[in-house]
Every structure is written in C-alpha cells, then in structure tokens.
Amino acid sequence: MNKQKEVLAFQTFLSGLQSEYIVENWRELAPELEYIIEMSSASLFVVQFIIMIALIFGIINTMLMSVLERFKELGILMAVGMTRRKVFVMIMTETMLLAITAAPFGFAISWLTIYFLGTYGLDLSAYSDGLSQWGYDNVLYPSVDAESYVNVIAGVFITALVGAIYPAIKAVRLKPVEAIHKI
Amino acid sequence: MIIETHNLSKIYDLDTVPVYALNSVSLSVEKGEFTAIVGPSGSGKTTLLNMIGGLDSPSEGFVKIDGNDISQMSENELINFRLHNIGFVFQSYNLIPVLTAKENVEFTMLLQNMPKNEMEEYSMYLLKEVGLAEHLHKKPSELSGGQQQRVAVARALATKPAFILADEPTANLDSVSTSQLLDMMHKMNKDEEATFIFSTHDQRVINRAERVITLEDGRIVKDEKK
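If you read the protein sequences in the order shown, they are chains R and A. Heads up, the first sequence is in the working numbering, so the first residue is 1 and it goes up one at a time. Heads up, the second sequence is in the working numbering, so the first residue is 1 and it goes up one at a time.
Calculated directly from the structure, the hints in this document are not laboratory data. Just to be clear, a hint being listed does not mean it is correct.
[What the hints assert, rightly or not] To give a feel for the contact side, a few chain R residues facing chain A, derived at Cβ under 8 angstroms:
id, residue
1, 14
2, 76
3, 79
Cβ atoms here follow ideal geometry from the backbone N, Cα and C, with glycine treated the same way.
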C-alpha cells in the first residue's frame, strides 16, 4: 500500500480487530527508512534541477550556434523588412519545434526503459544483504507515474523557452548593415 | 518619390582620428531615374546606399524620402519603411539559401501580408520577366551567379518599391550575365517606372546609366546626366 491515507485506514482497521496487538505501519517500524526515502526525493529534485540547468545551457548553445551561423541571413531578413518581433518569434518557434521533435523521443526511451525494468525487474541480488536490512526485495520493479512524466515534459518545454531567450535577443539586436556585409 | 540627402556625413573613430566615409554629400534623385554611383573602392558608394536605404545612420546630415526624414525614424519604423518603399540588390545576391527562387521572391510579399493569389501571380510574373520561368523551384545553390542576381532583382521588385538600391550588382557576374541583368533592370525601369540607384565601378554599367554621380574620398566630385 503506497498511499498514506489507505495505510492509516487499514492500520486503524487492524487495531480495532485485535486490541491486544500493536499494529504499526512501516514508517513507524523503520523511521530511518522513511528518512532515507525523503532524502532520496530531495536529492532527486536537486538532480532534476541540475539536469534542467544543463538543458538550458544546451539549448542556449544550440540556438546561439543557429543564430550565429545565420547572422548574414537574419541580417537580410531584417534588411528586406522582417521586424525584430517576427525574428524573435521565429527563433522561439524554432526552439519549440526542436523541443516538440526531441521530447517524444526522450519520453519514448524513458517509458520503454521503465516498462522493461517494471516488467522484468532490476536484479539487485548481489546487494541482497544490505537491501533486506531495509526491507527491500532483491528484485526492484521501478515505476513512474503519469504526473511525473507530465511534470518533466512541461519542465523541458519551459526550460527550452527560457534557454531560447538569450539567442533570440542576440538575433534581434544585430545590425542588418553589419550582418549583410559579413563574409 | 524624391530622395534627398543633405550634408550627409559618416564619420568613423570620432574620438581619435576621424575618418570620413562620407563627407557632406547632398544630392536628390527623382522618380524613374536610372542612376549610377561610381568611384574607386573606399570612396563611400556602399555607405551612401546604406544610408539612403536606412540600413546605416548618418553621423551628420539627413536623408529625406518624399519629405520624410528617415534618419529620425526608430528601428522598427525603418524596417517597415524599407519593406514598403525600398528594394535591395546586393553584390553577393544574399538570397535565403533554404528557399526556392519563387519563395525568395514571395518572402517580402508575405511580410507585406499580400493575398496568396496575388502573391503567386506577381512572383510568377516577375520571375518570367527576369527570364527564370523555368527555374521557379530551384534553390540558390542550383542557380548560376547571374540567375541568382536576377532572382534578387525580382525579389527587390516584389514589394513594388518606390526605388531599388543595388550595391555593385554586377561585381560577381560575367559579361553575358551583366548584359542580361542590365537589359532587365532597364526594362523594369521603363515598364514599371522603378527608380534604380546602383553603385558600381563596372564601365559596362556606367555606360548604361542615365545619370552618373562620381564619389571620391566620400565627396561628390562629379554629377552628370546623359
């Protein structure tokens, strides 16, 4: 039983059946394990944050290269009448298209990995002594809920947009006359 | 449409040793003129064209087009002004490499929000006029230099601009392509009443111009009408 409310309800139910027994849930039996799990969640959040920061730099690098490579082209677009707002929107749209193309691949790889491990398990019997002390099984079956996928995908899109702002500003600030005569 | 420049100067390194790319240039160009700006390299031809086209700002003086001082316009106003009034032809063609000849011509019309039918019709007409009806769907890399420059002229004319600025349009072309391009520009000048101002030091182009303005060291030293 994973949900805290269900566990507590079942615990109360069992306590009511046989009052001479003490019924405890796993959190009460092994508070240190709960602490470790909470720490793991916190460290996972930190890791996710670091990955998002790395993603921002990745997007900045990719889009900045794209802008610098097309410096002359962007200069021509502005010389012949493309407004700065349109150039900005174009760069942001390109970034979103990049994210739309890449996100499903990442999602698919992640889902397949979790599905495979969730079905066949991750055999950690080599560490069985240590795991059993904490009440873990030798074979773990990881799962990721839909909410986590949605959060990560939304995070990726927001990060991509944030990462594209600097290259887009760089693009709109270029002077057509300098860009056109660039060899 | 009258283009006027008044005491137009472009000075670099104002704080140290001032270098005059343009020095008090005053001129006016009337509608329908076919004008060449000539002079040796470094005489200020491109700088003058850039300022008339609102691509560069003067250090002193101003540029007025139909009485509007474009030197006072904001960057966005200038972009909008260029879109509706000026066509550009660059020395190195400067077509958008990922677009076909037709798409390159249609691009500026798209920015003008021209209806699709009108856009299709006019781009086909222009590309036919410049002799590229067979090459509509070719990308710039599949066209010769002369053909690319003709696409550039068609693109410049696409927005029905008041005038066209061409910066050494024949510099990278062979004699046959130069002759074809000049014939075509002359035809557009007569048929469409398009005003052409081009910089050049190509004698073949100078011979075809109706007015020749000679620049030296940023100053006008000769202005003759044929």
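How the hints compare with the structure:
1. Here the hint on residue 14 (chain R) is broken, as its CB sits about 69 angstroms from the closest CB of chain A, past 8 angstroms.
2. With a least beta-carbon distance of about 5 angstroms to chain A, the hint placing residue 76 (chain R) at the interface is held under the 8 angstroms criterion.
3. Taking 8 angstroms as the C-beta contact cut-off toward chain A, the hint placing residue 79 (chain R) at the interface holds, the least distance being around 6 angstroms.
In the structure shown, a violation is registered for the earlier hint numbered 1 alone.
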